[in-house]
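Asker: Please model the entire structure based on the sequences and the hints provided.
Protein chains: 2
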Amino acid sequence: MAQDGRRARGDASRRIVLHSATDLASVEGLDGLSIGRLAEASGSSKSSIATLFQSKEGLQLATVAAAREIFTARIVEPAREQPRGVRRVAALLHNSLAYSKDRVFTGGCFFAATAADVDSKSGPVRDAVRAALIDWYGYVEAQLRHAVDAGEIEADPEVLAFELVALNEEANSRSLLMDDARPYALAAAAMRARLLAAGAPAASLAPLASPEPPP
Amino acid sequence: MAQDGRRARGDASRRIVLHSATDLASVEGLDGLSIGRLAEASGSSKSSIATLFQSKEGLQLATVAAAREIFTARIVEPAREQPRGVRRVAALLHNSLAYSKDRVFTGGCFFAATAADVDSKSGPVRDAVRAALIDWYGYVEAQLRHAVDAGEIEADPEVLAFELVALNEEANSRSLLMDDARPYALAAAAMRARLLAAGAPAASLAPLASPEPPP
DNA sequence: ATACTAGGCGAACGATCGTTCGTATACTAG
DNA sequence: CTAGTATACGAACGATCGTTCGCCTAGTAT
Chain A
31 MAQDGRRARG DASRRIVLHS ATDLASVEGL DGLSIGRLAE ASGSSKSSIA TLFQSKEGLQ
91 LATVAAAREI FTARIVEPAR EQPRGVRRVA ALLHNSLAYS KDRVFTGGCF FAATAADVDS
151 KSGPVRDAVR AALIDWYGYV EAQLRHAVDA GEIEADPEVL AFELVALNEE ANSRSLLMDD
211 ARPYALAAAA MRARLLAAGA PAASLAPLAS PEPPP
Chain B
31 MAQDGRRARG DASRRIVLHS ATDLASVEGL DGLSIGRLAE ASGSSKSSIA TLFQSKEGLQ
91 LATVAAAREI FTARIVEPAR EQPRGVRRVA ALLHNSLAYS KDRVFTGGCF FAATAADVDS
151 KSGPVRDAVR AALIDWYGYV EAQLRHAVDA GEIEADPEVL AFELVALNEE ANSRSLLMDD
211 ARPYALAAAA MRARLLAAGA PAASLAPLAS PEPPP
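So the protein lines, in turn, are chains A and B.
Counting from 1, position 9 in the first sequence corresponds to residue 39 in the numbering used here; the numbering is continuous, with no gaps.
Counting from 1, position 149 in the second sequence corresponds to residue 179 in the numbering used here; the numbering is continuous, with no gaps.
It should be emphasised that the hints constitute simulated quantities derived from the structure, not laboratory data.
It should be emphasised that the depicted structure is a prediction, and the values quoted were computed from it without experimental measurement.
Possibly wrong hints are sitting among the right ones.
Identical copies go unnamed one by one, so any copy, or any two together, can satisfy a pair.
[As the list claims (entries may be wrong)] Lysine-lysine pairs mimicking DSSO-like chemistry, simulated, CA-CA at most 27 Å apart:
id : residue 1 : residue 2
1  : K131      : K86
2  : K131      : K76
3  : K151      : K76
4  : K151      : K86
Answerer: Below you can see the structure in the form of structure tokens.
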């Protein structure tokens, strides 16, 4: 069975539905993601969605997985072009800010929106969101550890990763709430300054350079 | 009419309901805050809540106002005992971390939870949450500006306020999602280091000192 | 051709949502 | 006492929720 037309058709439908689902969930949260509105947004029927994903929880888990793929494709994959260490960290941070600023999801960063939605609950959905963020935090920290080991910077990787991720998420949330793009420039400047203070060579921080000079 | 027993009775009821409402909203969000569950949690009836607050939007606005009072009483008011400038900033940050860590609301910081809920929407509820956070950000920044003017530290108040608030919010969200108190210690350490790097006297940062020495 | 599986949809299920109505109970104002 | 106002509740409203059922089509397997 090299190919199963039925599965292929189902996968295509899932893809279409999940595209709407990730976007809707970034605005309404994983709890506010309703099958009815999703059916309307994706052009299929409630019952189709229910059978494609078995249950709402199945839909939520698939939505998280789909968002994770987009997150990786937009942020992590492109950064792999940079050598490990500070250069890759700078690329990661730049990509992450751009992914939020460009509104890849209508509601900004998918995981910022959904983490707040599930962080006080329990169950597989929360676990899936948590796993995605643990991976992300761990990857940033690992790259910083590499930079420290290579002598590029001098810092505690855990604390520095915490600081940089905090700046990234603050930019996302404040930009959304205030409807203002300035927080991204603010965050980039703070990230750059923080890495410079840790001893990073300025040339390795090009992705975090401000596009326009401060007035 | 020095006192109106009817209004007094209503106000008492509103107080009780709002106590449950702020806690429920910190977990479920302002959208997930349902009148039915709130009625059950607060011991009154759906119709009573509807008449006390006119509509769900009225309830949401009253809930934000109630949470704002608690936020101010827990964080801003106690910090006023400290002199303006770095000492007050340190007190603000310490109080803010404690308010999250002590789970004054079951879902952690009320405004972190609800900001994520409303930041992609529009209307009076979003405006109320935004106004509360603008006030908070502005207060922190004003205290930092005072510290700069007094020569206590050397920094851009806007950027530094952004950094410190980001650390505070990251501690809240990560602690909730990971069910771990360590992010608070991490954030406090980063705040302290950041203020020290800006030239703040160590004695003024006592509230941010780690309770236990690092191993 | 037959049996089986995966989608896909309309219709309906019970549950819960926010809201409204009618009615009863305090309390005030005149 | 009377008229008016602010709670308070039960009951019901229409709408939407997640889910299930029946029925049909598309594709696979034997």
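Asker: State for each hint whether it applies.
Answerer: Status of the hints after comparison with the structure:
In this homomeric assembly, K131 and K86 never come within 27 Å of each other (Cα to Cα): the closest approach is 29 Å inside a single copy and 32 Å across copies. Taking the closest pair of Cα atoms, K131 and K76 never come within 27 Å of each other, the shortest separation being 32 Å inside a single copy and 41 Å across copies. For the identical chains of this complex, K151 and K76 are neighbours both inside a copy (26 Å) and across copies (25 Å), given an alpha-carbon limit of 27 Å. For the identical chains of this complex, K151 and K86 are neighbours both inside a copy (16 Å) and across copies (23 Å), given an alpha-carbon limit of 27 Å.
In summary, the numbered hints that this structure violates are 1 and 2.
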